[in-house]
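My request is simple: use the sequences and hints to build the entire structure.
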Amino acid sequence: MSITISAVRETAPGERRVALTPDVAKKLKARQVNLVIEHDAGKAASFPDAAFKDVEVAADARGALAKADVLLTVQPPTLEEIAALRPGSVTIGYLQPHLAPERIKALRDAKITSFAMELLPRTTRAQAMDVLSSQANIAGYKAVLIAAEASPKFFPMLTTAAGTVRPSKALIVGAGVAGLQAIATARRLGAQVEGFDVRPETKEQIQSLGAKYVELGVSAAGAGGYARELTAEERAQQQAALAEHIKGVDVIVTTAAVPGRKAPRIISADMVRGMKAGSVIVDIAAETGGNCELTDAGKTIVTDNGVTIIGPLNLAASAPIHASELYAKNLYNFLELSITKEGGLHLDWDDELIAKTCVTHAGEIRHEPTKQLVESSA
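With the first letter of the sequence shown counted as 1, position 100 gets the number 86 in the working numbering; the numbers rise by one all the way through.
Everything labelled a hint here was simulated from the structure, so no lab data went into it. Computed from a predicted structure; not experimentally measured. Possibly wrong hints are sitting among the right ones.
[Claimed, not checked] Taking lysine-lysine and the DSS-like style, the derived pairs with C-alpha atoms no more than 25 Å apart in a straight line are: (1) 53 with 248; (2) 342 with 91; (3) 91 with 248.
Written out as structure tokens, the structure is:
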């Protein structure tokens, strides 16, 4: 029997993305599934109800949730949404299991099968489903545009009748997906770009984009393509070298993150005090504590020595059309693992992409770190 896949309007402040787009809806209809969206679910992303062909439009979220065999979300479902789902149904999207034990308990107790897309193993087969990468690309791009707008200087070199304007010097901290996109964007805008990451394998990637790799003498290669946490000695060495280097930098974009933990603190207040007036820091990691000690999430501050520090939130939502299109395709590619030829749903627990992404199933917590967190909070 064909399943029903639902999507509702995102209610988190500032969230403009939607988990189901008209193009992906068309692909799912071709797989013989039924679709229900809440009225105006895609409006904030510029996808009106009329753009969804042959899709049922529910008057409100409760109507869409009541029919859902599978719920697609961007932000984690609220406790009210979880309560409206039927036992045995499935929810797929960001889940942030390490931040909200009460949400995981609700999913477990309601016997909802939940998949946290941020837990997806970082393998070659999973690349087309990788929501972290698709949305980080947008964050890196947007962060540089924010920096360019906030900077009191031009990014490119300009030769004018009044003289030559030197290009701004931009430093990108972190060379993951967001960092590499930030490097590429800053280069396109004409800045003199440098990149830094504690993982030595990123040096070639940074240089391939035309940026200079900053050597600080610290290596912190970790598992799964992420950096490990630095030791106290390594952190002191890194900060001493970085403090001296950033004195001559005009723009810094920080992108460093450790999944499931607070963002690593890289730029201290003392380092900011050593920067020149007019410098700009855009801290992509603001939502998880910030890479800069002075970052205030969601706010722009100017220090006493004239450094502007910007802590943007949910940058991907600021480009909702493309962000939604990429995100919805990620979810579709993940769903393809389980949709049968008849439009049914079969979860293959022998598939590591399914097994390792699952948080709750059949009244149990399947993800061990989350299980430990929930038990410790009881």
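Comparing the hints with the structure gives:
1. 53 with 248: Given that 25 Å is the threshold and the Cα spacing comes to 37 Å, the pair is violated.
2. 342 with 91: OK: residue 342 and residue 91 at ~18 Å, within 25 Å.
3. 91 with 248: The given pair, whose Cα atoms are some 22 Å apart, holds under the 25 Å limit.
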